[in-house]
Amino acid sequence: AQSVTQPDIHITVSEGASLELRCNYSYGATPYLFWYVQSPGQGLQLLLKYFSGDTLVQGIKGFEAEFKRSQSSFNLRKPSVHWSDAAEYFCAVGPFRGQGGKLIFGQGTELSVKP
Amino acid sequence: DGGITQSPKYLFRKEGQNVTLSCEQNLNHDAMYWYRQDPGQGLRLIYYSQIVNDFQKGDIAEGYSVSREKKESFPLTVTSAQKNPTAFYLCASSKTTGNSYAGELFFGEGSRLTVL
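Just so you know, the sequences run in chain order A and B. Quick note on this note's numbering: the first sequence kicks off at 1 and runs consecutively. Quick note on this note's numbering: the second sequence kicks off at 116 and runs consecutively.
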């Protein structure tokens, strides 16, 4: 069965420090992978996506992610975190043949930023 | 600007009442989705629709119903049969049609339902 695991429920980093959020997926075919960000009480905003090609993808707000097929991972990184990056981050995989464009989401990682 | 509008943003319901959450999109997307979000559980799919007058159950459809009479609209009804309806509900859309995937999901701002 398809699934997405985000091992870290909550991460705290200092402002200016580097960040890596982990995402592992289980999917039998070539996946499409996504990272979304959510501020409290808001909808989700797409940070970046991987469909094919270069395994290092750049997104908005200075984020990047690397697809590693051998590790079934799609970790999100940022070299220097800003206080405004505090939010919840979701990794997602999809779509699935015969099931339209639906995505399966991980449980989310809440990021706190210390001054 | 194109986007997805959900209403109301906050809704309170007494036990035993049905409530309907509205979702409208002007992105000309074919597919629409309803997800439920609970703390620590990520997003779980309730229903999705790839085309007008057709929809499919997601992973947690029990106690919910939907309709898709227009391409732009995909309302969700939370019925009294839903045992634990208090949650944050997110509507989304995408350009996909059938098995032809054309892009990511775009989300509305969400509706928070609280059962009193």
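Simulated from the structure, these hints should not be mistaken for lab results. Note that the structure is a prediction, hence the values are computed from the model and not measured. Ideal placement from N, C-alpha and C gives every residue a C-beta, glycine not left out. Some hints could be false.
Simulated restraints, written as ranges between beta carbons of each label pair [as the list claims (entries may be wrong)]: (1) B:THR135 with A:THR12: 20 to 26 Å; (2) A:SER72 with B:GLU130: 40 to 46 Å; (3) B:THR201 with A:PHE51: 34 to 40 Å; (4) A:GLY16 with B:ILE175: 36 to 42 Å; (5) A:THR5 with B:SER182: 32 to 38 Å; (6) B:GLN171 with A:PHE51: 39 to 45 Å; (7) A:THR12 with B:ALA176: 44 to 50 Å; (8) B:GLN156 with A:ARG22: 14 to 20 Å; (9) B:SER195 with A:ASP54: 49 to 55 Å; (10) B:ASP174 with A:ASP8: 21 to 27 Å; (11) A:GLU15 with B:ALA176: 38 to 44 Å; (12) B:ASP169 with A:PRO115: 24 to 30 Å; (13) A:ARG22 with B:GLY178: 31 to 37 Å.
Derived list of chain A stretches under chain B, where covered just means 3 residues or more per stretch with a C-beta under 8 Å from a C-beta of chain B [claimed, not checked]: (14) 55-65; (15) 69-81; (16) 105-115.
Verification of the supplied hints:
1. B:THR135 with A:THR12: 20 to 26 Å: Since THR135 of chain B and THR12 of chain A have Cβ atoms about 40 Å apart, the given range 20 to 26 Å is violated.
2. A:SER72 with B:GLU130: 40 to 46 Å: This hint holds: roughly 43 Å between Cβ atoms.
3. B:THR201 with A:PHE51: 34 to 40 Å: 36 Å, holds
4. A:GLY16 with B:ILE175: 36 to 42 Å: Check passed, 41 Å falls within 36 to 42 Å.
5. A:THR5 with B:SER182: 32 to 38 Å: Check passed, 34 Å falls within 32 to 38 Å.
6. B:GLN171 with A:PHE51: 39 to 45 Å: 24 Å, violated
7. A:THR12 with B:ALA176: 44 to 50 Å: 37 Å, violated
8. B:GLN156 with A:ARG22: 14 to 20 Å: 18 Å, holds
9. B:SER195 with A:ASP54: 49 to 55 Å: 51 Å, holds
10. B:ASP174 with A:ASP8: 21 to 27 Å: 23 Å, holds
11. A:GLU15 with B:ALA176: 38 to 44 Å: At 43 Å between Cβs, range holds.
12. B:ASP169 with A:PRO115: 24 to 30 Å: Once the Cβ atoms are compared, 51 Å apart, the range 24 to 30 Å for PRO115 of chain A and ASP169 of chain B is violated.
13. A:ARG22 with B:GLY178: 31 to 37 Å: For GLY178 of chain B against ARG22 of chain A, whose Cβ atoms are near 33 Å apart, the range 31 to 37 Å holds.
14. 55-65: It is violated, with 0 qualifying residues against the three required.
15. 69-81: violated (count 0)
16. 105-115: This one holds; 4 residues, not fewer than the three required, reach chain B with a Cβ under 8 Å.
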